[in-house]
Structures are given as structure tokens and as C-alpha cells.
Amino acid sequence: MILRYFTWKEWMLTAFCVVFVIVQAYLDLRIPEYMSVITDAIVDNQDPSVITGYGVQMIACSLLSIAASLLGTMMAVKAATSLCFMIRERLFDKVSQFTPGDVDSFSVDSLITRSTNDVTQVQQFLTRAMQTIILVPIITGWGLIKISGSEWEWTAATVIGVVITVLSITLVIWKTRSGYRRIPILTDRINHYSLEHLTGLRVVRAYNAERFQERKFEEASDDMMYNSMNIWKYSSLTPTLSMGTSNFLMLAIYWVGILLIAGTDDPDHQLVLFSDMIVFSAYAIQILGAFMRLGLMIQFSTRAFASIGRVEELLRYEPVIPDGSYNGTGDGSGSIEFDNVSFTYPGTDVEVLHDISFRIDPGETVAIMGATGSGKSTLVNLIMRLYKCTEGKVTVNGVDVTEYERRSLNSQISFVPQTNTIFTGTIEFNINYGSTAPERDMDDIHMAESIAQASEFIDGLEGNESFQLNEEGRNLSGGQRQRISIARAICKDAPIWILDDPFSALDFITDSRLRSAIKEYRDAPTKIFVAQRVGTVMDSDKIIVLDEGRIVGIGRHEELMKSCKLYREVAESQLTEAA
Amino acid sequence: MAKDIDDRPEKRRIWPHILRFIAYSRPYHLTFAMIIAFDIILMVMSILAPNYLGSIADYAADCIEYGRKVIPDEVVPTVLLLVAIYALIMIIDRTKVLAEWNTEEKIGNMVRKDLSSKVSRISVGSLDKMRKGDVISRFVNDVDTIRLRSVESITRTFESVIMLGGCVAMMAYIDWRLMLAAMVPVVFGFLCMRGVVRISQKYYRAQSRNLGRMNTVVEETYRGLNVISLYNGLEGVKDRFMEVNKDLYKVSFRSRMMGELMPSITGLVNNLGYVSVCITASLLILDGSATFGTLVAFLAYVKICNRPMMNLSNSLGGLQEVAAASERIFEFLDTPEMDDESGKGIIDGPVEGRVRFEDVCFSYEPGNEVIHDLNLDVIPGMRVAIVGPTGAGKTTISNLLLRYYDPDSGSITLDGKDIREIRREEVRRQFGVVLQDVWLFKGTIRQNLVFGTEDVSDERIMDACRAVGLEHFISSHKDGLDMPIANPDSLSSGQRQQISIARAIIKDAPMLIMDEATSSVDTRTEGVIQDAMDRLMKGRTSFIIAHRLSTIKSADHIIVIRKGEIIERGTHEELLSKGGFYRSLYDSQFEFCE
Numbered sequence: 001m002i003l004r005y006f007t008w009k010e011w012m013l014t015a016f017c018v019v020f021v022i023v024q025a026y027l028d029l030r031i032p033e034y035m036s037v038i039t040d041a042i043v044d045n046q047d048p049s050v051i052t053g054y055g056v057q058m059i060a061c062s063l064l065s066i067a068a069s070l071l072g073t074m075m076a077v078k079a080a081t082s083l084c085f086m087i088r089e090r091l092f093d094k095v096s097q098f099t100p101g102d103v104d105s106f107s108v109d110s111l112i113t114r115s116t117n118d119v120t121q122v123q124q125f126l127t128r129a130m131q132t133i134i135l136v137p138i139i140t141g142w143g144l145i146k147i148s149g150s151e152w153e154w155t156a157a158t159v160i161g162v163v164i165t166v167l168s169i170t171l172v173i174w175k176t177r178s179g180y181r182r183i184p185i186l187t188d189r190i191n192h193y194s195l196e197h198l199t200g201l202r203v204v205r206a207y208n209a210e211r212f213q214e215r216k217f218e219e220a221s222d223d224m225m226y227n228s229m230n231i232w233k234y235s236s237l238t239p240t241l242s243m244g245t246s247n248f249l250m251l252a253i254y255w256v257g258i259l260l261i262a263g264t265d266d267p268d269h270q271l272v273l274f275s276d277m278i279v280f281s282a283y284a285i286q287i288l289g290a291f292m293r294l295g296l297m298i299q300f301s302t303r304a305f306a307s308i309g310r311v312e313e314l315l316r317y318e319p320v321i322p323d324g325s326y327n328g329t330g331d332g333s334g335s336i337e338f339d340n341v342s343f344t345y346p347g348t349d350v351e352v353l354h355d356i357s358f359r360i361d362p363g364e365t366v367a368i369m370g371a372t373g374s375g376k377s378t379l380v381n382l383i384m385r386l387y388k389c390t391e392g393k394v395t396v397n398g399v400d401v402t403e404y405e406r407r408s409l410n411s412q413i414s415f416v417p418q419t420n421t422i423f424t425g426t427i428e429f430n431i432n433y434g435s436t437a438p439e440r441d442m443d444d445i446h447m448a449e450s451i452a453q454a455s456e457f458i459d460g461l462e463g464n465e466s467f468q469l470n471e472e473g474r475n476l477s478g479g480q481r482q483r484i485s486i487a488r489a490i491c492k493d494a495p496i497w498i499l500d501d502p503f504s505a506l507d508f509i510t511d512s513r514l515r516s517a518i519k520e521y522r523d524a525p526t527k528i529f530v531a532q533r534v535g536t537v538m539d540s541d542k543i544i545v546l547d548e549g550r551i552v553g554i555g556r557h558e559e560l561m562k563s564c565k566l567y568r569e570v571a572e573s574q575l576t577e578a579a
Numbered sequence: 001m002a003k004d005i006d007d008r009p010e011k012r013r014i015w016p017h018i019l020r021f022i023a024y025s026r027p028y029h030l031t032f033a034m035i036i037a038f039d040i041i042l043m044v045m046s047i048l049a050p051n052y053l054g055s056i057a058d059y060a061a062d063c064i065e066y067g068r069k070v071i072p073d074e075v076v077p078t079v080l081l082l083v084a085i086y087a088l089i090m091i092i093d094r095t096k097v098l099a100e101w102n103t104e105e106k107i108g109n110m111v112r113k114d115l116s117s118k119v120s121r122i123s124v125g126s127l128d129k130m131r132k133g134d135v136i137s138r139f140v141n142d143v144d145t146i147r148l149r150s151v152e153s154i155t156r157t158f159e160s161v162i163m164l165g166g167c168v169a170m171m172a173y174i175d176w177r178l179m180l181a182a183m184v185p186v187v188f189g190f191l192c193m194r195g196v197v198r199i200s201q202k203y204y205r206a207q208s209r210n211l212g213r214m215n216t217v218v219e220e221t222y223r224g225l226n227v228i229s230l231y232n233g234l235e236g237v238k239d240r241f242m243e244v245n246k247d248l249y250k251v252s253f254r255s256r257m258m259g260e261l262m263p264s265i266t267g268l269v270n271n272l273g274y275v276s277v278c279i280t281a282s283l284l285i286l287d288g289s290a291t292f293g294t295l296v297a298f299l300a301y302v303k304i305c306n307r308p309m310m311n312l313s314n315s316l317g318g319l320q321e322v323a324a325a326s327e328r329i330f331e332f333l334d335t336p337e338m339d340d341e342s343g344k345g346i347i348d349g350p351v352e353g354r355v356r357f358e359d360v361c362f363s364y365e366p367g368n369e370v371i372h373d374l375n376l377d378v379i380p381g382m383r384v385a386i387v388g389p390t391g392a393g394k395t396t397i398s399n400l401l402l403r404y405y406d407p408d409s410g411s412i413t414l415d416g417k418d419i420r421e422i423r424r425e426e427v428r429r430q431f432g433v434v435l436q437d438v439w440l441f442k443g444t445i446r447q448n449l450v451f452g453t454e455d456v457s458d459e460r461i462m463d464a465c466r467a468v469g470l471e472h473f474i475s476s477h478k479d480g481l482d483m484p485i486a487n488p489d490s491l492s493s494g495q496r497q498q499i500s501i502a503r504a505i506i507k508d509a510p511m512l513i514m515d516e517a518t519s520s521v522d523t524r525t526e527g528v529i530q531d532a533m534d535r536l537m538k539g540r541t542s543f544i545i546a547h548r549l550s551t552i553k554s555a556d557h558i559i560v561i562r563k564g565e566i567i568e569r570g571t572h573e574e575l576l577s578k579g580g581f582y583r584s585l586y587d588s589q590f591e592f593c594e
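Chains as they are written, first to last, in the numbering used here: chain A, 1 to 579; chain B, 1 to 594.
Chain A with its partners taken away, still in its complex shape (with noise of 0.2 Å):
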């Protein structure tokens, strides 16, 4: 459960609330006492300045109650909000280490839901739950000691009172059981429609499909309310029936008393009847009011219960990369090595790569060439470490990646991805990026944007570094993206460059200007680019063609031309045809 995640502090807190929430309770019930000692008074005909002493006295016992109170909810609502602070923050880092396998087998609104909507319907439910959890043995105990000694049949029937509302409040709660379930799916579907529409929004008003997705998105807002107004169907006949059964048991308990006095002749017992039949009453409803607060949390605490299950699902997940612990740098040399790599992604049958053996030496610059689909993004991924092997194993720097420390591993790379990423925030901020970015000065940032390419527009721009880039770099043209993102790579400088395809947004000029820069380069790192077009590779180091997940050739430009069939073939065709 959920408390596990309790601290010593929160343990305190709910301690104190304890303390607080007895207070009030013996306040509360002083209050009544006070009225009537006041009425009592004025019946007396007592001096109106005896009654304002004991109006005094109320009033200050009123505000003392309300100072319990307050500090008592204080210590709940902190306990809760405080928990969900924590919880947030483990969700958060446990996300943070995850894979885009991991990632996978939540989906990204889902991580987004738990993270954000679950914690809050946990927080919401704690701090109602905590002074109902409190007050209820409380006050069944007050009472049980109150009315113990009188006749069974004022027992039985508020247990019979006691166990109607426990009954129907059970049964509600396994009628709805799977519909609170379903609320925080429905509300990742309401959460995916949305952001889909936002995300797809040009290609949805090129092909008018805008109707399209609001109509899915109806479609999940209407499932919503159906299974809410399903859940409603029963779960709103709990208040009901809890008013209801509190109603007739007063009446069963005034029937009873009647029928007890009829039965006897004695008037010193009748008596006690008649004021135990009153006393009775009281606190037979202030039991049955305590039962009914509970079951009624218990009733609406089911969504948050299905919250709570998404929230633990998710914190004591564990990713399918285990982090290494190997935090040196290797021999820091740039090298990479596949030993016999095959790999199939997770859920899927369909070997992506097979059997791959190749080692990069240090300051190498290597290509890797391919169709569509043929496995080029995924053999860098590998050496990222974003999966894992399915057999073989990759080494960097003479040591298997999965010995690394993730930062450790991450501090020999720089990366380009296919697909860019731009954060909100300044130029700056997205090109000297990361942990190492203190490291760094503005000669450095210039330095990257002129081998990037991205000099003169940035020169451009408004405020130049300090240019706020919107979410997504939506104020950027493709090509100027693709080059922050290259920018922030070269920024970097790690051993090792990965450049998956980053350059198909770019003009030949700009493309070959930026080639030849990252050429001249002076560290020489070493280079893996990921491509297309033969003429870009032919002067690297060395050319990995793949072909279905499997290397067909492997070598120089001139090696490749007589020894692969398949590398000849896309050469000569791309070659003549730009001639």
C-alpha cells in the first residue's frame, strides 16, 4: 500500500493529527453541554452577566476546537502532500532511467498520467481519508462506551443499522469496481487524442481530417462520462441509503423504546428507559454516521485506489537495463567493438539484426549504409545502450556497455538523433546542453554553431544565444532545428560522435560545408554517420552496408565498389544519375 512510502516524518505528522483530532472531538462534545448549562441559566432567571461567563467559556472552548482542528487537518493535509511530493519525485527519477523499451511498455501518456493526474487523485484522497480513518474508531468507541448496559434489542438493531450500511456500500463498491478502474485508461485516452490533434495538427488541416480526430476524441470524452454516469448509477444510491438507514434506525430505536416501556409497569424503570431510549439514540446515530463517512471514502476512494495501483505499478517497475556500475571511462579512446550483436525488439519476432560483428578504432570515421528499415538506427542504438542486445555484446572503449554507469557510458557520446530534439528554452541553452555545460564557455558555444553551420542564422535572430526557442523549436525552420541539434553534439565533444541521418533537412552547401568542418575538426573523435547518399561516405574510414539486419559489406569506398554487389549498385545508380 501506499503508506509504505510514509516517513518517519509523515509517521509524526499522522500522530499529531491523532493527538489534534481527540482534542477536537472532546471539544465538540463539550459544546452541547455548555448550551444547555446557558438555556438552564436563563430558565433560572440568573444574571445576563453569569450567562456571558458561560457564553465566554463556549465561545473559547469553540475557538480551541477550531485551533484542533485546524492543526489536526494541517498534519493530514501535510502528511499527504508531502508523500505526494515524495512519490512525484520517485516517479520522476524512475522515468528518468528508463529505456525507449521501457517507455514502450507504458507508453509515454501513460507515464505522463501517472505522473501528474494519479498523484493528485492520491493526494486528494489521502487528505480526506486520514481524519475519516482517525475519527471513526473514535467515535464508535465514545459511543459503544455510552450506550453499553442498555437493552440488547437497541443493540441489535443498530447493528442490524450498521451492517445494512456495510452491506450495500460493499456491494456498491464491487458493483463499480471495474468502472473506477477504467477511469485513469479513459483518461489516457482523453490525454492521447488531445495531444495526438496538437502534435499532427498540420498534416490533420492538410487532409481536413480535423472532424477525424475530434470525433475520436468525442468518442473517449464520451466513454468517459458513460462509464462515470455507470459508476453513478450505484455509487449515488450510497448517500441515500446512508440517510435513510440513519432515519429508520431513529424511528426502530423510538419504536423499541415504546414497546420496552409498554412492557413494563414500573415507573422508576420506565424512566430509565425513556432517558437511555433518548442517550440511546444519540450516539446510535453518531456510530452510524461514523460508518457511513467511512464506507462513503472507502466508495470514492475507488478511483484513487486505481490511481495508487497505476502509481506502484510504475515506482516499483524495474527497467530492462539494469544501470552498470562501472563508472571509469575505459581507455577512453573512441573505439567500438560488436561481438557476434543480434537483436530482435522486445514483443516482436522479427530479428532486426543479425549476427553483427565490426570494431571501430579510435578516430575512425565509419558509415553505415542501408535501405529503409534495414537496421542502421537500431545499431547505433546499441551502442547507446538504448536497448539491449538480444545476443553478442557491444564494447566501448574495450568495456561491454553494460558495464557502464548510464552517465558514465552517455559522457562517451555524442549524439544526433534521427528525429530532433529542442527543448523550450534559449538557443543557448539547448546547444550548450547537459551535465558537462558549466564546462563550457561562449567560445565554445560559438565554436560549435560555425562547424554546425548554424552561425549565420542564429546571427540572425533576434538576441542571437539568448533567442527563446518555443516548445518543439516550433519557431524554427526544419533545417535550422536539425543544425541546433547538431550544434549541441559538436558542443559536447565526447570521444565518440553518433550522427544518425541528421543532415535530410539540409541544402548540399550547407550539408557539405558542414562535412567538411566536422572533418577538419581537431580532436578527431571518432565519427559514425548514419546515410544515405554514397557520395557523402565514400572518403570514410570505412562503410557498414547493411541489408535486412545483416552486414553485406564492410570496407573502404573502393573495397565496397568491387567487393558488394548491393553497395555497387546504389552507387552507380546515384552516381550517374547526378552526373
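One thing to keep in mind: the hints can contain errors.
[Stated by the list, open to error] Here chain B is said to cover these stretches of chain A; the calculated rule only asks that three of the stretch's residues, wherever they fall, bring their Cβ under 8 Å from a Cβ of chain B:
(1) 215-223
(2) 305-318
(3) 434-447
Hints listed in this document are in silico derivations from the structure and should not be mistaken for laboratory results. We treat Cβ as the ideally placed atom computed from N, Cα and C, and that holds for glycine.
Let chain A serve as the given structure and place chain B on it in line with the hints.
Just chain B now, kept in the frame of chain A:
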């Protein structure tokens, strides 16, 4: 790091938002009225019922006092009456609760749908400036608040005010001096509550806003996780996350505490009222102008008053949350919309495809013009290639053609008609489009392919797939066209582009826009696609934005743009012989070959 939209002026008033919400939920006003009426009936009944119960006790007390025999049969009529009243209460209550909860769901659903359809009426430009996480938080979190609190707090407020009014009138009727004594604390209580509302509204708003911020941070982080992680940027993101997390923790604690203050104030006010009535009464009794009987009757009303007071204070907290959520929801619903175009023309029959740009100027942000005086005349069936360095304004041209944006000055005409005079969806219907940002959605391959087009036969879909080289990929999967795409990211960018192109082929529109359609496709597949596109473009006016010269070469007309202006135009051969920018662009692709 970007500062979130926190620094808007603090408007702490809740009533304008509540009134707006009430006006908005017009279709349910009758239900509101019914709920209020039922609730008042229920309150009156539950005030009356104890009297009958009391009369049973009185009967017993009398009998005991006067030594009479207690005969149960004599109370049977009262018991039966009570059974009837309690049964009636249950029926009315059941009806009311169900109506209330269902109405909340229906209003929630209405808000959600309105928000969703609003998206389609806001311009691309305005949406680009918003943060998705924040928008979605409005769709989910703020709607949830409305769903859970709105009807209850609003109807409770109304009926409490009515009940209070009734009570006060009754009190005044009994004794106006005692009424004043009872009302002094109430007025004091209201002043306190108003103060609390003023302060707490700030926290409720901050809570809504911080939930939005939280969504934004989490969204951006989870989506960019790979890059963030590879750059060891998690600490930076964590700092930002923790900042929002702390803010959220603080405001949710405070707003919740503020909410708790209300019932406490009411409790105090009730007790103060009791004391003040008793003291006044004792004075009045002393000088003989009131009797004890008056006091007893009066105290009954003071007690009755407590319930609407309690309800009112509870619902005020709810109203504040509703006001904060409504504010954000209406803020989105109030986003300026694109002009209504229902009066504008549609296109009858097939278009010829003559497109003319006349002195078109355009800027995304004022003062930063990206297109200057663009003039271009495209004759029907012409294949136009747009070439130029990145950021030159190529995609902007397609944005203008598709009317995502309209020019600042000048005009674009289609068959001689200004496209601003044609409905947006009509303009877009004329174009098969492949955009730079390929976008697929969760669903089947088929759904993604026939997107927006109706009644497409399998044959036509498969033809398109064959044309873009997807046939093998699809037929090798056991579900074929119905193969699900659970996560579009699991496809390579090349495959995503292939699907996008097939989608345009299936649409079979009279004109085409291809913005970097094949940039991520390998060259062999591109060759296949090229043949298909050649066939597709035959006889259709086409705009091709591309870097690969193989795609451009066969164009009828090539325009080279740079910094928003056309610097060269002509056919491939003409431009090559000219020896200008195009020539250098062309040569650059062979630099590595030599």
C-alpha cells in the same frame, strides 16, 4: 530556462468566472433549478421530521409523568407518517443525487468537447505558441475540477442563500432584536470568509497553473528522454521539475488549508450566534419584553440556520476551485479564432491548377519578414521545385499555400481566385500534401493511409503502397493493412515518410505539395517512389521542396529562394548554365566524389 507564464496580473475575483460558467451551462439550468428545489424540500422535510419523532418521545414522557399506560398503538399513526416522510425523502434524495452527478458528467463532457473542437478553430500560429502540456492539463485536470465540484457548489450556494433568507425572515418575524443579535456574528463570519476567499483564490489559481506547469515539464522530459539522458542533462531537468514540484506542494497545501478554514469559521459563527442570542434574550427576559418560549422557538431557528451556513462555507471552497478551473478553460475557449468562412466560396468542379503569387509578403512575427515580394506564376500542370538554403522560407511558401497562415500583403490566387476568398478546407482539399513533419497516429496502417479520405478500396490502398515500396513491409505482416501502429516511433523515419507519401497518393487531389518528402528514404527506395511521383504529378500542379537534386531536376520550373526572395528561376539546364547559386548548390553535392 524559460519562465512559465506566471506573471499574469492577479485577478482574485471569482464571481465573474462563476457567472460565466453558469451562463455557459445554460442547457442544464432547468436541472439546476430542480436540484435546488429538491434540496430545499429535503431540508424542510428533514427539519420537520424530528418534530414528529419528538412527539413520540413527548408521548412517552407524558405517560410516565402522569402515570398513564403507554399504548404503542397510539403512536402507530405518527410512526407510519414518519415512515412515509422518510421514504419520500429517500426517493427525492435519490432523484436529486443522480441528477446532480449525471449533470456534472454531462457538463464535463460538454466542456471537453468544446475544448476539443476549439482546437480546430484556432490558427496554427496561435497553437504553435502554446505549450501542449499546459493545454492538455486544461483538458484533463481543469475539466476534472469542473466535473467534480461545479454543480454541487453552485446549487448548494443558491439553496443555502434561499434557506438563510427564509430563516432570517422567520427570525425577524419572531423577534427582530434577537434576529439582529443572531445576525451580527453571521455578518462578521461573512466578512472573514470574504477575506479568506480573496487570499485563497490566489492559491487555487496557482494550483491549477502549477498542475499545468507540471504537465509541461513532465511532457517535455518524457518525450525528450533519450537526448536528455544521453547528454546527462537529467540533473538540470530534475532541478526544474523539483522547482515546480515544490511550488505545487506549497500551493496545494495552502489552498487545501484555506479550504479548511471555511467550515471552522462557520462553526465559530454558529456558536457565537447561540451565545449572542442567549445573552440578548436574558436581557430581554429580564426587562420583560421577551419570554423563555420566544427564546426556545428562536433557538430552533438558529439551529436550522446552521445547516445552510455550513453548506455555504463548504460550497464557497468548491466555487473557488471551479472559478480557477473555469478561468483557464475559458481562457482557452476565448483564444481568437480564425475568421468564420461559411460565407466564402467553395470550388465547383475540378480546379485547373493555375497558382499565382502576387507581391506576397509575410512575417511570422511583426518586423521579421520571411517572404518579401514574392511573385510566381504557375501554369496548370506545372511542376515547380523550390530550392534554397534552410531557413530561406521554403516551408513558409507551403504554409501560405495551405492557408496555415495568410500573407501580410499581396495575394495568392488559385484559378484566378484569391485563396483567402475560398474556404480553408476547400483550398486544402485541392492538395495532396507530404509535410516535413511526418505524423502518424496510433491506429492501424490502413487508418493512417486513408486518413481524411472516404471510401477507399483495398486495391487502391495497396496500389499506393506498392508505389512507395511499402508493399513488402505490409504483406509480410500477418494483419496486413490492419497491422496496428501502437507507437509511431517504432517505425523508421523512412517508413514513416513512405506512409505519408502513400497517404497523399490515396488522397488523389488535383495538386501536390511535397515538403522534403523523401529526405529520410534510402536512395533505392527513393528511386521507386520517384517513378510513382512522376506518374502522380503528371498533369497536376505540384510544388516540390527538396534538397536532393535528383528530385528537382525533372521539374518544369525551379525557383531558388534565399532569405525570402526568389534569386533565380528557370529550368535545371538554364540555371546550371547561368552559373549562379543553383550551380554552386549543384556542384556541392559532388565535392566528396571528386
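Now for the hints, and whether the structure bears them out:
1. Only residues whose C-beta sits within less than 8 Å of a C-beta in chain B count toward coverage, and the stretch 215-223 of chain A has 4 of them, enough to reach three; the restraint holds.
2. Beta-carbon proximity to chain B at under 8 Å applies to 0 residues in the stretch 305-318 of chain A; the threshold of 3 is not reached and the given coverage is violated.
3. Under the rule that three or more residues need a Cβ within less than 8 Å of chain B, the assignment of the stretch 434-447 of chain A holds, with 4 such residues.
Going through the hint list in order, the structure does not satisfy hint 2, though it satisfies all others.
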